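Peer 1: Hey, can you work out the whole structure from these sequences and the hints?
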Amino acid sequence: MKTTTKKRIHRATRKSVRKPVPAIHADVTIRRIGHDWARDWNAGELDKVAATYAADAVYLPPHHAAVHGRDSIREYLQGPLRHGVSDLAFDVTYIKQHGGVAWDVGTYRMSVPQNDGTRREDHGKYLTVWKRMGGKWLIAADAWSSDLPHASETRPVALA
16 MKTTTKKRIH RATRKSVRKP VPAIHADVTI RRIGHDWARD WNAGELDKVA
66 ATYAADAVYL PPHHAAVHGR DSIREYLQGP LRHGVSDLAF DVTYIKQHGG
116 VAWDVGTYRM SVPQNDGTRR EDHGKYLTVW KRMGGKWLIA ADAWSSDLPH
166 ASETRPVALA
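All you need for my numbering is the position in the sequence shown, starting with 1, plus 15.
Please note that a few of the clues may not be correct.
30 Å max Cα-Cα, derived DSS-like pairs, lysine-lysine [to be verified]:
| # | residue 1 | residue 2 |
| --- | --- | --- |
| 1 | K111 | K140 |
| 2 | K63 | K146 |
| 3 | K111 | K146 |
| 4 | K140 | K151 |
Honestly, the hints are just simulated from the structure, not real lab data. In this text, all values refer to a predicted model and were calculated from it rather than measured experimentally.
Peer 2: Right under this line is the structure:
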């Protein structure tokens, strides 16, 4: 085989071999977004909080129907924010990623105002599903539940 033919084959082969696409590592970015989410919540910056959700996201709060879409999620979140839920903090247990999807599992704590004017610390767990869209990680699904008993479970039962 002539040298020029070898060079052509080598060049053609080299061009056809695709280099692996580097993974988009979600861990650091999602941790930062989660930190900013809590910071923005505590500062009353609801527009910034809502901007972390995909337009078609679903929010699954405890004891409530699913909330669909960024605008509806923002509207739903106005209630707890207006009623004084504050001091929100997240503690990430782990973040796993598969391509353009990641899931974030952890715990939360927050201060919740009570009807008698006192505050109670709520704590529980969460699962957030993230999707890489337009170069950004956005929340596609967000679910959480309290580790505290539901209010109806803490009331004394009337004995007949």
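Peer 1: Could you grab the alpha-carbon distance between K63 and K146 and see if it respects the 30 Å cut-off?
Peer 2: 18 Å, holds
Peer 1: Taken at face value, is the distance from the CA of K146 to the CA of K111 at most 30 Å?
Peer 2: 12 Å, holds
Peer 1: Please verify whether K140 and K151 have alpha carbons no more than 30 Å apart.
Peer 2: At roughly 24 Å apart (the allowed maximum being 30 Å), K151 and K140 satisfy the hint.
Peer 1: Is it true that the CA of K111 sits at most 30 Å from the CA of K140?
Peer 2: Measuring from Cα to Cα gives roughly 16 Å; hence the hint holds.
Hint violations for this structure: none, all hints satisfied.
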